[in-house]
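*Asks:* Residue numbers (the numbering used here), protein chains in the order written: chain A, 752 to 981; chain B, 17 to 402.
Don't read these hints as lab results, they were simulated from the structure.
Any given hint might turn out to be false.
[Unchecked claim] Here are the computed lysine-lysine pairs in the DSS-like style, where the Cα-Cα straight-line distance is at most 25 Å:
# : chain 1 : residue 1 : chain 2 : residue 2
1 : B       : 18        : A       : 876
2 : B       : 28        : A       : 871
3 : A       : 871       : B       : 18
4 : B       : 87        : B       : 196
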Amino acid sequence: MSDDVLVRVEKVTKIFRRGSEEIRVLEELDLEVRRGEFLALMGPSGSGKSTLLNLIGGLDRPTGGTIAIGGDRIDSLSDRQLAAWRARHIGLVFQFYNLLPVLSAERNVELPLLLTSLSKAQRRKHVAAALEAVGLSHRSGHQPLQLSGGEQQRTGIARAIVTDPTILLCDEPTGDLDRKSGDDILGLLQALNREHGKTIVMVTHDPHASQRASRTVYLNKGRLFSEAPE
Amino acid sequence: MKFVGLVWSNLKRRKLRTALTILSVTVAFVLFGFLGAIKQALIGGIDLADATRLIIRHRVSIIQNLPESYKARISRIPGVVAVTHLTWFNGIYQDPQNFFASMPVEPDGLLDMYPELSLPQDQLDAWNASRTGAVAGRQLADRFGWQVGDRISLVSPIWPRAGANEAWEFDIVGIYDATKRGIDTSGFYFRYDYFDEARSYGQGLVGWYLVRSDSPENSAAIAAAIDEEFLNSPAETKAMPESAMAQDFIRQFGDIAALVTAILSAVFFTILLVAGNTMAQSVRERTGELGVLKAIGFTNESVLAVVLAESFLIAGIGGLAGLGLALGLTAAFAPTVANYLPGFYITRGDILLGLVLTVGLGFVAGILPALEAMRLRTADALRRIA
């Protein structure tokens with residue numbers, strides 16, 4: 752067991768129940784992600800990629816198995832503890848950006864900081880730095896609907912990194928963008944990984960996107976493969 | 017306080033819907049204020065009644081008169097501290113619509129019986145010195161622009177003046193005020209001796225007596241003693257505490273308090289449904305966003321607080337605006353309706369109740385949607401927008 756392992760998923764099973772029907776999405780799955788790694792998680796629709804990402808991010812609980820992030824067992828935390836843990840350690844980037852349409856870009860980025868004890872001035876400073884990092888300082892006062900898809904995703908990334916989280920979890924971050932904007936976003940994620948040492952786990956359908964990652968794993972029928980299954 | 021901006025921004029999401037909801041709450045509280053003022057005008061007399069004051073009227077009805085000679089016999093009954101009398105005159109000024117409470121009285125007796133009426137000593141002296149002298153309440157004087165020194169003429173459909181000219185001439189020698197809020201100052205009082213001498217019939221009769229007892233505890237016994245004194249006489253009496261008389265009078269209109277409560281309950285229940293539906297709709301529309309808030313670390317409790325705060329804000333803005341408007345409007349309307357509803361104002365108790373209802377409305381309308389938002393599972397909420 753190496754100390755530089757940040758994410759350790761062991762024998763994780765996830766079963767969804769729809770009425771009397773049981774849907775086994777993940778089956779005794781093991782995964783390790785090293786600190787500073789940029790991991791791409793690929794697989795067909797319904798293979799359980801987003802479910803696995805949600806489990807690593809503490810957004811959902813496994814039916815069986817254990818998940819440890821930085822040595823903390825998150826599968827045994829209470830709802831309240833898990834919320835606090837997410838606020839401290841997780842940055843989430845969504846396919847459809849999930850910005851609050853009633854808030855400006857900078858207010859969206861500020862949201863996670865409302866859960867900290869930072870003063871208003873300190874929060875502004877952090878927001879400005881995050882927007883600067885994603886190259887969006889000049890659009891900070893705009894509402895999401897006034898921004899292009901790429902700019903909205905940059906705002907989403909700024910919101911994800913503003914608390915300097917331990918790990919960035921990206922669910923199809925380029926899935927709703929054209930190739931050019933998608934490339935820009937992937938470049939930004941790559942820079943965050945290489946220049947700032949951010950550990951990133953990215954779910955994607957797109958082989959082009961996965962090439963930007965330092966490692967790619969494949970998920971199919973609830974099981975993980977190091978190479979794309981036939 | 018950090019979340020105030022978030023709460024406020026959420027309310028601005030659907031401006032028209034929020035505005036209409038706030039407006040409906042505002043209208044409800046304006047109605048609350050108005051009905052409260054009407055109730056106060058109708059039943060406020062009960063609260064203002066003096067526990068030591070008794071009213072003695074004819075046993076058959078208050079419109080039957082009593083002999084003026086009863087005064088001396090009443091004053092001899094043990095426990096009676098003071099006695100005076102009033103008679104309903106029903107004076108009309110210039111136009112049949114301009115009628116108001118007008119009564120012939122004994123000046124000193126009236127002011128002793130009603131210490132809540134305030135008349136400057138020099139005006140009381142002038143009243144005692146002038147047989148045609150009269151005093152008007154501040155509200156009434158303001159209504160007709162009367163001033164001390166004015167001479168006015170009233171006509172009474174009950175008590176015509178003897179002689180060819182049936183109208184009564186009065187010199188206004190004073191204007192009285194109230195020493196506490198809620199006391200009616202729309203009355204008009206003049207001297208009984210002038211009235212009794214000049215009326216065309218009914219000399220020696222008075223409308224009813226007012227008696228002050230030596231203590232509230234003795235009032236019931238004194239009332240019984242007065243009725244006993246005049247039992248089997250041509251004009252038997254019915255003595256009762258002033259508050260009971262006020263309640264008897266109000267019963268003529270039905271149970272005002274129950275009526276007002278029923279109307280308000282229906283209005284508030286409707287507003288509750290409107291506000292509750294708005295909040296529920298707002299939460300349903302934002303399932304994904306609430307999921308995002310939870311995903312980035314908002315606890316279940318903080319999501320509940322954000323949604324509940326929106327409901328409190330809607331109820332608070334609407335409620336305070338409604339109460340403010342109601343206060344302004346009742347103050348503006350009070351002089352207009354003074355003739356029919358003296359004491360038309362919103363009491364402090366009703367304002368306090370309105371504030372409590374504002375908070376209650378915010379809580380009840382918001383709690384179910386807030387609980388729904390709190391129980392939302394993060395992964396499920398995010399799946400709905402994926």
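*Asks:* Against this structure, judge whether each hint is valid.
*Replies:* Each hint tested on the structure:
no., hint, in the structure
1, B:18 x A:876, "holds (16 Å)"
2, B:28 x A:871, "holds (22 Å)"
3, A:871 x B:18, "holds (9 Å)"
4, B:87 x B:196, "violated (29 Å)"
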